[in-house]
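*Asks:* The residues making up each chain are set out below.
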Amino acid sequence: MKLIYEKSTPGRRGVRLPASDVPAAGALPANLRRAAAAELPEVSELDVVRHFTNLSRLNFSVDTNFYPLGSCTMKYNAKVLENAAALFATSHPMVALLPGGEASAQGSLNLLFELEQSLAEITGMDEVTTQPLAGAHGEMTGIMLIAAYHRARGNKKKYVVVPDSSHGTNPASAAMVGYEIITIPSAPYGDMDIDLFRQAMTDEVAAVMMTCPNTVGLFNPHIAEICDIAHEHDALMYYDGANLNAILGKVRPGDVGFDVIHVNLHKTFGTPHGGGGPGAGPVGVKKALIPFLPVPRLVKGNDGSIRIDQDNPRSIGRTANFFGNFGVMAKAFAYITMLGREGLIRVSEQAVLNANYIMSQLKSHYDLPYDQTCMHECVFSASRQLKNGVHAIDIAKYLIDRGYHPPTVYFPLIVKEAIMIEPTETESKETMDEFIAVMKEAAEMAEKDPAALLAAPVTMPISRLDETKAAREQNVCCGI
Amino acid sequence: MKLIYEKSTPGRRGVRLPASDVPAAGALPANLRRAAAAELPEVSELDVVRHFTNLSRLNFSVDTNFYPLGSCTMKYNAKVLENAAALFATSHPMVALLPGGEASAQGSLNLLFELEQSLAEITGMDEVTTQPLAGAHGEMTGIMLIAAYHRARGNKKKYVVVPDSSHGTNPASAAMVGYEIITIPSAPYGDMDIDLFRQAMTDEVAAVMMTCPNTVGLFNPHIAEICDIAHEHDALMYYDGANLNAILGKVRPGDVGFDVIHVNLHKTFGTPHGGGGPGAGPVGVKKALIPFLPVPRLVKGNDGSIRIDQDNPRSIGRTANFFGNFGVMAKAFAYITMLGREGLIRVSEQAVLNANYIMSQLKSHYDLPYDQTCMHECVFSASRQLKNGVHAIDIAKYLIDRGYHPPTVYFPLIVKEAIMIEPTETESKETMDEFIAVMKEAAEMAEKDPAALLAAPVTMPISRLDETKAAREQNVCCGI
Amino acid sequence: MSQADYCPNTPAEIKEMLAAIGVASIQDLFAPITPRLRARSFDLPAGMSEFELLQRMKSLADSNAQNIIPFVGGGFYDHSIPVVVDHLSGRAEFSTAYTPYQPECSQGTLQALFEYQTAICRLTGMEVANASLYDGGTALAEAAIMALRVTGRNRLVIDGAVNPFSREIIRTYLANLDVEIVEIAPKQGLEDVARLDAALDGATAAVIVQNPNFFGSLNDFTGLAAEAHANGALLIASVYPVSLGMVKSPGEMGADIVVGDGQSLGNPLSFGGPSFGFIAASKKYIRNMPGRIVGETVDRAGRRGFVLTLQAREQHIKRHKATSNICSNQSLCALRGLIFLASLGKEGFAELARLNYDKAEFAKEALAAVRGVSVLNGRATFNEFVISVSGNAADIAARLLKDGIAVGVPLGKYYPDLDNCLVVTVTEKRTKDEILAFARKLEGAL
Amino acid sequence: MSQADYCPNTPAEIKEMLAAIGVASIQDLFAPITPRLRARSFDLPAGMSEFELLQRMKSLADSNAQNIIPFVGGGFYDHSIPVVVDHLSGRAEFSTAYTPYQPECSQGTLQALFEYQTAICRLTGMEVANASLYDGGTALAEAAIMALRVTGRNRLVIDGAVNPFSREIIRTYLANLDVEIVEIAPKQGLEDVARLDAALDGATAAVIVQNPNFFGSLNDFTGLAAEAHANGALLIASVYPVSLGMVKSPGEMGADIVVGDGQSLGNPLSFGGPSFGFIAASKKYIRNMPGRIVGETVDRAGRRGFVLTLQAREQHIKRHKATSNICSNQSLCALRGLIFLASLGKEGFAELARLNYDKAEFAKEALAAVRGVSVLNGRATFNEFVISVSGNAADIAARLLKDGIAVGVPLGKYYPDLDNCLVVTVTEKRTKDEILAFARKLEGAL
Ligand SMILES: Cc1ncc(COP(=O)(O)O)c(C=O)c1O
Ligand SMILES: Cc1ncc(COP(=O)(O)O)c(C=O)c1O
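Protein chains in written order, with our numbering: chain A, 1 to 480; chain B, 1 to 480; chain C, 1 to 446; chain D, 1 to 446.
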């Protein structure tokens with residue numbers, strides 16, 4: 001498809017603005033004016049509508065395709081959540097921050113406050129901040145809180161420990177806060193090697209970052225022990241909540257011994273991914289960390305109204321402009337409200353059931369590095385197919401031809417030729433059975449006709465793309 | 001794609017209703033109960049979303065494709081009109097009809113009243129009813145008004161006259177009201193043969209139905225004379241407003257001598273077609289017909305408030321449940337309000353310019369039965385292509401492969417192998433130039449590779465369909 | 001220029017186009033319009049931007065009374081609409097397409113309409129359905145005309161308990177045709193089945209009934225259908241589709257043609273429209289059906305596909321011999337109906353009916369307990385029923401409307417003998433609290 | 001069950017699946033979770049249907065004050081949003097897709113982001129841009145970190161006229177790193193360019209400025225950029241994108257990294273988010289950019305296509321050596337920004353800026369005419385400016401807020417020497433009448 005810039009015609013106009021009801025003011029001084037108007041597209045409203053409607057049609061999405069992308073929890077996001085969030089569209093955050101402004105925003109503030117409380121109950125934490133804007137932002141905020149904790153206690157800390165199966169954001173977030181990273185290899189059973197972990201632990205470790213179930217979809221039975229070991233060194237336990245969809249109502253990280261958690265609202269709590277974002281990464285903490293939470297904080301007064309506390313000298317400060325991605329929060333709040341206690345428990349039960357079902361049906365055709373009950377996702381390896389020259393990516397591309405968004409491939413890094421499948425609870429057995437049949441077909445094709453897999457996809461407007469050329473030429477902005 | 005019924009699984013549930021807050025009542029008597037629940041689909045909300053989202057993707061539409069479907073005025077319909085109409089979604093029409101109910105609906109009633117006035121001004125009529133639910137419904141209503149007029153005057157009338165180029169709804173509507181039809185052939189210059197018309201006119205003719213510009217896109221220069229002739233026989237002139245997009249601010253049928261008009265809001269006034277409807281067909285009349293207008297009528301009181309007159313003994317009665325397709329009216333009202341006087345005039349000027357431009361560019365490649373300035377649409381014939389065995393329909397199907405919705409083909413019936421192109425004012429020269437190039441390409445293919453055209457379309461999920469089988473088997477309801 | 005006109009061509013393009021056409025100005029293109037024919041006036045206000053428009057529209061909408069609690073129906077019902085209905089029917093590919101005359105690039109609309117027809121058949125218990133008519137009232141008129149055509153007769157018997165608006169529409173439609181209409185007045189909110197039976201004769205094309213009727217009462221028309229058939233006449237039933245979640249379907253009663261208004265299936269009240277009319281019938285009458293019909297077929301490769309079929313019934317082929325003049329129908333509203341039905345599903349739709357029934361029964365009891373109020377008759381009803389009040393029902397309705405509650409449709413206007421009566425409607429949206437408040441306020445008003 | 005949970009499997013299917021897995025119950029699948037690990041509480045209310053949910057949400061939304069007229073900005077601005085932005089960004093294929101890791105089935109998102117990057121480059125006058133960061137404040141912190149990386153230095157000079165929230169975010173981000181931050185306090189709402197110049201030295205990684213600054217004042221940082229470059233430092237500019245419809249772009253001034261918040265480009269206020277942060281830079285710094293970048297390439301048949309590129313900068317490849325930890329960004333908000341810009345277009349966007357400017361100038365005059373009010377300095381501003389009032393600005397703001405008007409952000413909290421001052425924001429949405437009413441009410445409050 002042409003770029004919108006390539007559809008531009010000089011002088012063509014789109015949306016019109018109201019005529020001005022005030023006199024035109026004098027011009028800006030020449031040195032403050034731009035030399036020429038920015039070369040934005042000159043297109044009609046119809047051009048815009050047709051362009052973006054047709055662009056959208058080039059995407060796979062949850063609403064059009066099964067999207068079993070492991071680690072991403074691509075569940076169906078109820079449409080009603082969009083309607084719910086839209087009710088708050090016109091509320092200006094700065095008004096609430098004016099002197100006396102809280103009174104004008106009690107609806108929004110109550111929503112945030114109640115969401116904080118629900119998330120604290122769900123995760124077993126004492127308090128929650130909704131400010132972080134995504135999972136990784138929550139991680140960074142959490143590690144900053146940990147750093148503040150150690151600083152306040154006079155601890156000298158240098159390291160953050162992560163298992164080698166951890167998501168890339170974990171070490172990256174810790175590094176953003178100035179920590180060095182100690183990576184612990186996984187044991188053959190798929191979890192962090194507890195002996196190596198024990199050896200690595202020193203009093204210089206600030207935190208241990210874990211996700212549980214981990215990125216292989218396994219629930220670590222040693223998790224309580226790990227917490228204990230860490231705490232012996234006054235290292236805090238950080239829980240990456242990206243996989244929370246597996247354990248709602250089953251496990252609360254706070255109960256197990258974790259001190260800090262972030263939650264990816266855009267994974268577990270029913271808010272769509274938007275082609276990459278926005279998400280939201282609220283952070284929950286145990287009591288000892290509460291003093292350091294970012295400002296502004298919400299406080300419930302005796303009269304039941306919510307106050308905004310903008311000043312807390314012990315706080316790590318501000319990590320984002322206002323109250324976080326409020327629109328995302330509104331959807332998560334609505335989701336939790338709608339599903340309620342029983343609904344949320346059922347979410348995890350069905351998510352785990354679906355993943356185990358797929359695992360049970362595909363292990364005849366694909367290598368299963370860790371053959372045990374999985375949680376909300378299962379990780380296969382295409383190493384068997386590799387013998388015929390077929391990589392995980394080739395199977396992924398074939399799935400595109402069959403109308404499925406591929407599973408996550410090549411992550412986690414500890415599994416060779418990883419194929420990580422997360423069906424989520426919103427998919428039916430019927431949908432999964434069709435997917436399973438196609439996955440088996442792909443495995444059979446890998447035996448009989450590997451070339452066909454290497455050629456895939458053939459049904460899309462484009463075939464596989466030259467990534468090297470893209471990286472070499474760095475053409476990231478239209479030149480015309 | 002599977003039918004939604006084929007995706008059904010016993011016991012699967014979609015949207016949930018609130019729990020009842022009242023006790024369960026006793027059962028209905030057995031003879032009033034249905035034997036078994038209707039076999040509606042048993043699918044999840046995600047199934048519903050995926051099914052209909054993917055179904056939608058099988059359509060061409062104005063928002064995705066140029067759609068130069070003659071006689072249908074497939075212009076871009078501004079999205080803001082949807083937002084505008086949605087503001088009135090919760091207003092119950094019956095409440096307004098209760099004693100004292102008008103006060104509760106002044107917003108809706110004012111909208112309708114102002115729309116009536118605008119349409120009267122646009123068409124040159126004295127009053128307008130918004131009740132008719134589509135163009136054909138407006139025609140029927142208009143002919144009923146004419147019948148009531150003649151009855152009131154004691155006229156004995158039997159016939160309605162239409163040109164052979166008229167839209168099928170014209171004779172069909174007149175027949176619904178009990179008239180016999182006299183069809184006047186077109187003259188070689190494309191308009192109704194005025195001499196034959198004159199001969200056909202008798203005192204038994206109740207009405208003459210015309211559209212002007214007619215379905216060949218030509219403006220009849222004799223139109224005033226035709227009105228005069230009709231009026232000499234106390235026959236009334238009916239104006240089919242489907243082609244109003246050509247003449248906004250240029251001609252008012254009322255000024256020319258027409259007595260009754262319907263307007264297709266879904267063609268000229270910016271409301272989308274919805275895959276076949278809903279539309280709206282308000283009817284405007286001259287003074288003599290006002291007493292017969294359908295009830296309810298809106299009346300503006302001295303205090304500026306709108307009253308609903310439900311009882312008028314001379315009225316033809318009620319032609320639809322309430323006030324017509326109000327949601328469509330709201331969009332048309334918003335469209336007229338937004339474009340205003342100058343905007344509407346520009347609409348017709350640009351519509352006519354665009355049609356003439358396409359005509360000028362394609363007459364080298366296609367036969368043009370009436371080679372003269374056209375109005376908002378132009379009609380070609382594929383008779384040149386027919387020499388190579390290529391029909392209008394084959395060219396139409398090839399256009400699908402090239403991403404264009406075909407023009408109207410085989411209408412009007414008076415043109416052999418008709419290809420009727422109406423670009424509308426909302427398309428740019430750029431879009432038309434691309435379309436023109438493809439049309440020329442099709443003409444060249446008709447010479448060089450006719451078989452390719454006969455095979456088209458080849459890029460859609462299905463090829464040409466067996467219409468005979470459909471008509472023979474009459475499988476109009478899923479049997480499973 | 002701050003007015004939106006959606007005409008994209010630039011002055012430069014317009015110049016190029018005029019040159020290509022070979023005229024000097026746009027005005028030249030309007031040369032066929034001689035001065036005598038030119039518009040004598042075009043007095044409309046100036047336009048505005050979309051932002052100003054929305055403000056204008058908002059202020060109009062705001063001048064409607066907000067928050068009136070409607071216990072009224074009369075053909076349109078205040079039902080819940082799952083939000084997916086808006087989201088999905090709002091897909092531009094559905095809403096900005098035309099009638100699916102070119103099936104290869106219209107399978108979305110065509111398959112959806114086929115599924116819609118199927119849903120209507122299954123709800124009504126009939127064999128065939130079309131792709132929609134305008135609304136319930138006009139659908140009933142079309143059904144009457146269809147029966148006249150099928151039987152070749154010209155007499156109709158209509159139950160007076162059919163919605164008065166629908167009866168008025170039938171009369172309007174048939175006013176200029178040579179048809180005898182016999183209307184059998186109901187007795188105290190009950191159709192007079194004996195007199196309906198008696199009115200049937202060998203010249204009768206059809207008997208027309210409604211279930212639940214305008215008073216909300218339910219009937220089993222099985223006997224009447226048999227009687228009609230014995231006379232060579234058809235039974236036409238108008239039904240309220242939500243009731244079909246629990247009420248005996250017209251198909252089970254032996255109806256020949258079934259119609260109704262689809263507003264209650266996922267279409268907003270929207271001050272009375274758009275909704276859609278549905279029509280279903282026995283398969284043997286399919287060639288006499290009005291409107292578009294979608295049929296299943298195969299493509300050249302044998303793949304299933306859908307097309308508009310039996311078009312020889314329609315005006316664009318048959319012109320004045322068509323089964324109806326209808327062209328545009330209410331396709332998008334029918335799609336909304338289908339999405340509504342699919343999203344509730346088999347069990348959900350039955351639950352919906354049950355909720356309506358339970359709430360109405362609760363309201364019936366609550367209102368019957370009010371001094372001065374009695375429920376008109378003991379017949380089973382669905383979600384509407386008639387109460388009589390001590391006083392003029394219209395006055396009371398007007399008074400309570402000012403108080404924010406639309407208590408029902410006063411019957412005196414349509415049935416002068418019932419001028420102390422109201423038809424009260426209770427949908428699933430009415431809460432227990434609202435119902436009790438209604439009872440309290442009514443008590444206060446009597 | 002009236003609670004929605006979106007879990008479709010039926011009891012029969014669940015049984016089949018358990019059998020296929022080889023376990024007796026779902027609880028068996030949770031066996032790895034030993035009793036010690038089990039949740040000790042999960043005390044949440046029962047769920048509800050979507051219909052009840054919407055009522056609950058509506059009542060929450062209604063408990064926000066309605067109709068406050070905002071003359072405040074501070075990073076978020078009350079701009080008009082063409083309705084096409086909602087309609088198009090709401091397309092499910094955009095909103096329910098993930099990050100476009102599989103380019104063949106994600107070209108919609110990828111091409112849109114490439115077009116977005118282009119728009120940001122063109123607005124800012126820079127060579128490269130990424131596919132979005134979280135918001136304007138965090139984008140500025142990322143830019144600071146990027147400059148530290150590019151230069152290998154550890155000193156930042158920050159203009160105190162940069163939005164205080166942004167400065168706070170930078171401090172928070174850098175609190176645990178060994179970086180010296182030098183903040184140059186502004187003088188009466190004007191950045192102190194001389195002291196900024198003077199603060200630059202050979203250890204400085206970057207000087208950070210904002211245009212228009214927090215007081216709304218416009219500056220030409222061309223000289224400061226040259227000075228920075230002379231010291232081997234970068235100039236980082238934070239900009240308000242709407243101003244770029246008329247104001248000199250940072251590219252024209254010689255900036256090296258440019259960031260800003262995209263809320264004002266088609267994203268609703270939504271109580272502060274989601275919006276998006278943008279970042280653009282000179283091409284030579286592209287490998288040090290944070291976040292995702294979309295690049296153009298070709299497929300096997302040579303057809304143009306788009307992919308995520310230079311991923312070796314990112315955390316999922318480089319882990320702790322990545323240029324940033326960012327993973328999810330604000331893609332859909334960036335798409336809204338693109339649609340907003342495309343629908344207004346080149347001329348429309350310039351008009352938008354002009355309208356903001358004109359209205360603010362009008363308001364400046366109207367307020368300056370109020371006794372007890374003066375405009376703080378004579379510098380050119382865009383759509384915000386500072387007034388001083390006779391009295392405590394915070395008290396006056398609180399009083400007028402009760403009266404339905406948010407008169408501006410009192411400065412005392414952020415600049416104690418300016419506690420009789422307010423920053424007043426006037427966007428194109430504020431009408432002449434609103435501005436005059438503001439002036440009148442302010443007069444009354446002094
Ligand atoms: C395990 C895990 N941790 C952290 C993240 C980062 O979350 P976000 O993308 O919201 O920053 C992800 C997201 O992909 C993840 O899967
Ligand atoms: C010339 C003409 N007249 C009448 C009609 C009928 O209008 P409607 O489809 O709204 O009933 C049409 C619609 O196609 C038409 O083109």
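In case anyone wonders, no lab produced these hints; they're calculated from the structure.
No experiment lies behind these values; they were computed from the predicted model shown.
Every residue gets a Cβ at the ideal spot worked out from N, C-alpha and C, and that includes glycine.
It is possible that some hints are incorrect.
[As the list claims (entries may be wrong)] Derived DEER-like restraints, expressed as beta-carbon distance ranges:
#1 Gly-22/D x Glu-447/A: 23 to 29 Å
#2 Glu-444/A x Ala-455/B: 29 to 35 Å
#3 Ala-24/B x Lys-416/A: 46 to 52 Å
[To be verified] Here are the simulated lysine-lysine pairs, BS3-like style, with alpha carbons at most 30 Å apart:
#4 Lys-321/C x Lys-156/B
#5 Lys-58/D x Lys-432/C
#6 Lys-250/A x Lys-15/D
#7 Lys-284/D x Lys-364/D
#8 Lys-283/C x Lys-2/B
#9 Lys-15/D x Lys-363/A
#10 Lys-429/C x Lys-413/C
#11 Lys-440/A x Lys-2/B
#12 Lys-300/B x Lys-286/B
#13 Lys-284/D x Lys-469/A
#14 Lys-58/D x Lys-300/A
#15 Lys-432/D x Lys-300/A
#16 Lys-15/C x Lys-363/B
#17 Lys-300/A x Lys-402/D
#18 Lys-364/D x Lys-318/D
#19 Lys-318/C x Lys-364/C
#20 Lys-429/D x Lys-402/C
#21 Lys-58/C x Lys-284/D
#22 Lys-416/B x Lys-321/C
#23 Lys-432/C x Lys-469/B
*Asks:* Which earlier hints can't be squared with this structure?
*Replies:* 3, 7, 15, 18, 19, 20, 21 and 23
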